[in-house]
Amino acid sequence: MTLNLCVLTPNRIVWDSEVKEIILSTNSGQIGVLPNHAPIATAVDIGILRIRLNDQWLTMALMGGFARIGNNEITVLVNDAEKGSDIDPQEAQQTLEIAEANLRKAEGRRQIIEANLALRRARARVEALNEIS
Amino acid sequence: MSCSNLTMWMSSKPSLSDTSSLSFCSSLNPFQLPTHTSSSSNTPRSSSVTPIHCGLRELRSRIDSVKNTQKITEAMKLVAAAKVRRAQEAVVNGRPFSETLVEVLYNINEQLQTEDIDAPLTKIRPVKKVALVVCTGDRGLCGGFNNNIIKKAEARIAELKGLGLDYTVISVGKKGNSYFVRRPYIPVDRFLEGTTLPTAKEAQAIADDVFSLFVSEEVDKVELLYTKFVSLVKSDPVIHTLLPLSPKGEICDINGNCVDAAEDEFFRLTTREGKLTVERDVVRTQTADFSAILQFEQDPVQILDALLPLYLNSQILKALQESLASELAARMSAMSNATDNAVELKKNLSIVYNRQRQAKITGEILEIVAGADALV
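Which chain is which? The protein sequence lines are R and L, in order.
Residue numbering for the first sequence follows UniProt numbering, starting at 1 and increasing by one per position.
Residue numbering for the second sequence follows UniProt numbering, starting at 1 and increasing by one per position.
Treat the hints as calculated values from the structure; they're not laboratory data.
Where hints are given, some of them may not hold.
Unchecked claim - Derived contacts from chain L toward chain R, CB cut-off under 7 angstroms, selection only: (1) A81; (2) Q295; (3) E297.
All values reported here derive from a predicted model rather than from experimental measurement.
Yeah, the Cβ is synthetic: ideal placement off N, Cα and C, and Gly gets one too.
Work out the full structure: start from the sequences and follow the hints.
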């Protein structure tokens, strides 16, 4: 049985092809998905998605969303997705530092909410990079 | 026709050397111009269109400048047309996402129907403050596009003031930004600039702002003002309630709350929602078996929490895309009008120019002939 993964963002289709296995970071922790998985629906946290093609692992930074698994068909709906190989390491690291600084500076409920979101996104991108190396 | 005849006749005249006629012409030019102009403006035909009072040289430069303007407007029209195509492509690219999203939302909603859901984005609070997200364009030269949406925003602001409610504006696009900067009495929460093509990132920036405003309870309602793209020749500025979202995945109207936008706007929205429900109906038949065995990994509320920001984003992105499409369409029609106008102006100017030129040549020949006659 083959497993098909489809990663969709509002802009484009990021991934639409066959995979062997994926590891998805959901709101309740990471789950691994192999062929013939039970049909589930899950929220996807801001975090990384690891994809196995034969023996090769790929990483992708996901910016939060939703996934539906069933019938050997995985549909991941996210706001934004970036392949680990497409992320500029320096830029990602810088963004992370800026986000950390912003969170320290943040005052009031609203700013903290915003800064937290930005920090989590930046962290996911850096993590996606680190997984590769 | 007659003009060319005259020149032929003049050149065939053996008694005249070219140099003499040329010197005549140049010496006469400055003196003759005013008299010719007045005579040409007196002719009934030229005055019936628009009286054009100027000399030959000025006419020529005017024709040139009109020609240049026409080239520019034509180029802008073509560029806008090409961009419309790109904007359409962007919408098409985003379609798989939005379709799947609506499908999933529908599925989950079906299963959650019985439960009492309490997600932060769907919370309906008594409204004290309203945030207005105003989507304008980045450039002018697109007819009344920017004006219309700003007027709509002004009207809505006046309405909110009338209801005694607080408001704040989130301005998207350069034109709106400069408008609100010039009016400091309108509280603006944030200025955002649009790019050439709206992307998810941009929508995300707006969504983040709106999300934090709403969740931190600074505002209790978020409305999106944008121009809905109807067709290439028609677009309407509309008001669309963004937050609170109804868990059904529709743009909610707050039942029993008097601060909703005017009725007609909601009716316009329902036509949009009508389109959405049609899509959903198609989906329902496809996925009826799928939802039956679907399990939730987390609490349904948590899943809804993950889905609603996605929905919020896609709604904003859609609005941005529609706004861009309407802007481009408005520019296209404005520019095609300008081009038509330039063509007509050019035609009129060259008619006047030719008439004057002909009159001048006739006058010169008459003088030369009279002079030659006097010598004999």
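Status of each hint after checking the structure:
Checking L:A81 against chain R by beta carbon gives a least distance of about 23 angstroms; that is not within 7 angstroms, so the hint is violated. For L:Q295, the interface hint holds, since its Cβ comes within 7 angstroms of a Cβ in chain R; the closest pair sits about 5 angstroms apart. Satisfaction of the interface hint for L:E297 is found here, the shortest Cβ-Cβ separation to chain R being roughly 4 angstroms, below the 7 angstroms cut-off.
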